[in-house]
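J.: Here are the chains, one letter per residue:
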Amino acid sequence: MKTLHTIRHSRQLWQARYSPCGEFLVACGYDATIQRWNVAGEEPVLLSPIEAHNGWVQGMCISPDGERVYSADSWGRLSCHELRTDNPQQLWTQETAHEGWIRALAISSDGKQLATGGNSGVVRLWNSSDGARTQELSHEHPVGALSFHPKGRVLATGDLKGIIREWNLDIATEDRQLDAGALYNDETKTKGRIQQCGGIRTMQFSADGQKLVCGGQKDPGGGFANGTPCVLVFDWKSGGLVREMPMGSTSDGFAYDVQFHPEGYIMATSSAFPGKGPVWFWRPEEMKAFFSDPKMANGRSLSLHPNGQRLAHLISDSRNGNGRPLKDGEYRGGEGVINILEFELP
Amino acid sequence: MASSICRLTTKTTTLKQNGMTHAPHPLCSTSEHQLSRRQLLGSAAAGAGTGGLGGLLQPAVAEELKRDDKQVIFVWLDGGMSQLESWDPKPNTQFGGPFRAIPTSLPGVHIGELMPHTAKVLHHTSIVRSVHTQDNSHSAGVGRINRGDPKNRGVVYPYLGSAVAKLMGPTASGLPPYCWVKPYSGGFKTADAGFLGAKYGALAFGDGKPPNNLLLNKQITAEENTARNELRAAFSERFSQGRSKDWTDANSYVFDVADTLMKRMDLFDESKVSEQDRDRYGRHALGRHMLMARRLIEAGVRFVKVNSYHWDSHGDNFNACQSLIPQFDRPFAALLEDLNERGMLDNVLVIAMSEFGRTPKINSHVGRDHWPEAWSVAMGGAGIKRGHVIGRTNELGTFVEDQEYDVGHLFHTWFRGLGVSEEMMEYDNDGQPLPVAHDDCFPIKELLA
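Heads up: the protein sequence lines correspond to chains U and X, in order. FYI, the numbering for the first sequence is 2 to 347, going by the numbering used here. FYI, the numbering for the second sequence is 397 to 845, going by the numbering used here.
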């Protein structure tokens with residue numbers, strides 16, 4: 002892996018994604034903004050941010066034509082903005098798309114539908130062109146991740162209790178549940194802790210729709226939230242678990258983002274405490290990862306450039322520590338760092 | 397210290413009455429407060445098997461409690477609850493996190509959205525948002541905070557519950573003055589008492605259950621039990637000759653306490669509680685334990701500590717808070733409602749706190765670390781005003797901007813609110829004068845009713 006560029010943002014970020022054309026890099030996070038960079042030239046060029054949110058923006062996606070960016074925040078707002086213009090205009094917004102924290106946002110492969118989910122425990126579908134609500138599905142528990150099946154009107158949603166539900170969107174019914182309980186613990190398993198820990202934090206279908214992956218933490222614990230970053234790979238047709246991909250030790254963190262490479266292997270990034278958590282690549286048919294780099298610590302998201310050889314790897318740069326560490330008399334917060342990596346498969 | 401000040405002695409001026417020792421109440425004479433043991437046990441026995449406030453105590457005892465016997469419920473959220481996700485939210489700021497702030501029953505005052513039930517009854521408590529303490533580690537911080545962080549005088553100070561047990565003694569109910577409802581194990585926990593001596597330790601009910609083997613073995617008759625106790629007392633008396641009386645006193649005390657508790661087994665019977673109350677408080681451990689705290693207070697326990705563990709959210713703080721804080725919010729609100737409805741908040745001080753707050757900075761593991769610089773404590777009832785917000789942190793919530801108070805100030809305020817006069821704020825530890833609370837601190841006047 003070779004680092005081509007490092008982009009720093011003064012606040013921590015949750016997600017960074019390339020636009021489908023590869024010309025833009027878009028990020029969102031703790032400061033309620035959408036940050037944009039033009040990455041077509043030699044150096045990334047920071048563009049004007051989109052400021053339309055409150056709290057955290059944890060859900061973000063880009064339309065397949067690369068013209069629009071959709072974003073959802075922790076206060077329940079869902080918005081659509083132009084992506085490519087110098088001063089992006091808001092095209093529509095839903096002020097109260099959900100009651101409270103929207104944790105996940107996905108767009109269908111044809112770009113016509115959006116799905117949102119979060120603390121409210123419901124999943125809502127939206128017309129991406131005008132923001133009209135089209136469907137509501139009751140998930141029961143807070144939703145941590147969701148993904149449209151690439152073929153057909155099917156949605157997979159994953160919650161903070163490790164339950165995956167498959168929804169038939171034609172008739173708005175739940176077809177089945179898949180068990181990702183390995184990513185969840187509650188007080189019955191955590192030696193007296195009263196905390197519900199873990200859950201599904203990221204989810205993605207393979208391009209052919211035959212596999213579903215979800216990420217989180219195996220045997221999660223409370224407090225330090227230590228556990229083993231882990232990705233579960235399901236065969237979508239049978240619903241069976243075909244591979245459990247733990248990476249790191251039991252004292253690490255969460256697999257916060259997972260993506261399929263067009264060649265079929267899985268790319269994931271994870272956090273850890275303190276300051277660990279690798280990027281790793283793993284073929285589902287193999288028993289071990291074929292690449293991991295623990296130096297790229299505290300990962301939050303990764304996004305593959307359309308050329309298939311660059312990766313935008315977002316990490317958090319925010320050292321832990323008790324008390325009042327001041328730098329130059331100032332109490333500083335963490336930053337978001339996006340490393341643009343170039344890689345060739347071994 | 398002026399010679400006119402009356403010192404509370406730790407070992408010499410305890411009152412012995414019908415086999416039980418009582419510290420003198422600082423405000424009232426013993427004849428006003430200390431009913432005979434027969435009367436107490438009679439009250440307790442009469443109350444056994446009935447639920448609710450009215451049925452727990454004989455009217456005379458209930459009236460006695462209502463009139464002026466101050467009590468305390470102390471909720472300890474071990475590990476450190478985040479002030480930014482609870483009492484002092486800073487939404488839409490650098491360190492504010494994902495959650496919103498919501499309005500409360502106090503006009504203009506907002507708290508974190510994870511506490512909707514408490515928000516509705518916030519006028520029943522006050523918040524100090526400008527607590528600044530000295531220790532950012534659990535190992536030292538828990539003790540320092542629980543002891544009021546007094547100056548180091550070469551002794552181990554008592555925790556708040558033990559101090560109250562010493563300064564105020566049992567209520568007229570005769571029930572043990574310091575009870576502790578906690579997860580895990582129970583038993584008589586002497587460590588809290590510090591230099592006061594083991595007798596002022598906490599009687600802990602592990603998971604709200606009575607101490608093991610509390611009830612008399614059915615094969616032992618009352619006569620046999622009396623004879624047995626007399627023999628034990630004789631042995632204790634002989635053993636104590638030439639030895640420190642601390643441990644023998646404590647030993648006798650535990651037996652006396654057990655004797656009292658044996659007649660109040662109804663307190664440990666959750667079936668005596670309505671389904672509605674169990675729902676209101678929550679069926680989880682903290683809900684059950686806070687409900688039990690209410691029942692113990694209704695029964696006349698002077699000081700009840702409720703512990704909840706594992707609030708130390710160094711990682712995944714916001715999901716941790718989303719899971720944990722509602723488990724505090726619902727029973728805390730129910731407790732305030734119930735005490736208010738029963739007219740008990742005039743005499744019951746309710747405190748909720750941890751050993752520190754959590755860092756404004758969110759670390760790379762999405763956690764918050766330890767932060768003693770600027771955090772919040774909720775308190776209200778007895779002589780402490782309700783419905784007030786004291787102090788202020790800056791816009792980012794990083795540091796105190798106005799009315800900074802250490803835990804020593806809180807201790808002074810609580811003791812004053814409980815009616816412990818300034819003249820009584822000194823222990824006599826076998827001749828060593830020791831301030832009850834940090835001698836450089838003072839009560840927060842704005843909070844005193």
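Honestly, the hints are just simulated from the structure, not real lab data. Certain hints may be false.
Stated by the list, open to error - Sample of chain X residues with no beta-carbon within 10 angstroms of chain U, all distances over it, derived:
hint	residue
1	Gly493
2	Arg496
3	Lys757
4	Leu844
Unchecked claim - Which chain X residues face chain U? A few, computed with CB under 8 angstroms, are given here:
hint	residue
5	Gly475
6	Gln490
7	Pro499
8	Leu502
9	His528
10	Ser535
11	Ala536
12	Ser709
13	Ala716
14	Leu720
15	Pro722
16	His761
17	His784
18	Asp802
19	Cys837
Heads up, the beta-carbon is just placed ideally off N, CA and C, and yes, glycines get one too.
J.: It remains to establish, for every hint, whether it holds in the given structure.
T.: Hint by hint, here is what the structure shows:
1. Gly493: Violated, since 7 angstroms does not exceed 10 angstroms.
2. Arg496: violated (5 angstroms)
3. Lys757: Answer for Lys757/X: violated, closest chain U Cβ roughly 5 angstroms.
4. Leu844: holds (31 angstroms)
5. Gly475: holds (7 angstroms)
6. Gln490: For Gln490/X, the interface hint holds, since the closest Cβ of chain U sits about 5 angstroms away, which is under 8 angstroms.
7. Pro499: violated (15 angstroms)
8. Leu502: Violated, because the Cβ-Cβ distance from Leu502/X to chain U comes to roughly 22 angstroms (cut-off 8 angstroms).
9. His528: At about 11 angstroms, which exceeds the 8 angstroms cut-off, the nearest Cβ of chain U leaves the hint on His528/X violated.
10. Ser535: violated (12 angstroms)
11. Ala536: Violated, because the Cβ-Cβ distance from Ala536/X to chain U comes to roughly 12 angstroms (cut-off 8 angstroms).
12. Ser709: holds (7 angstroms)
13. Ala716: holds (6 angstroms)
14. Leu720: holds (6 angstroms)
15. Pro722: violated (10 angstroms)
16. His761: With Cβ-Cβ at 4 angstroms, under 8 angstroms, it holds.
17. His784: Violated - the Cβ of His784/X stays beyond 8 angstroms from chain U, reaching only about 27 angstroms at its closest.
18. Asp802: violated (15 angstroms)
19. Cys837: Violated: closest Cβ of chain U sits about 21 angstroms from Cys837/X, beyond 8 angstroms.
Comparing the model with each earlier hint shows violations of hints 1, 2, 3, 7, 8, 9, 10, 11, 15, 17, 18, 19; every other hint is respected.
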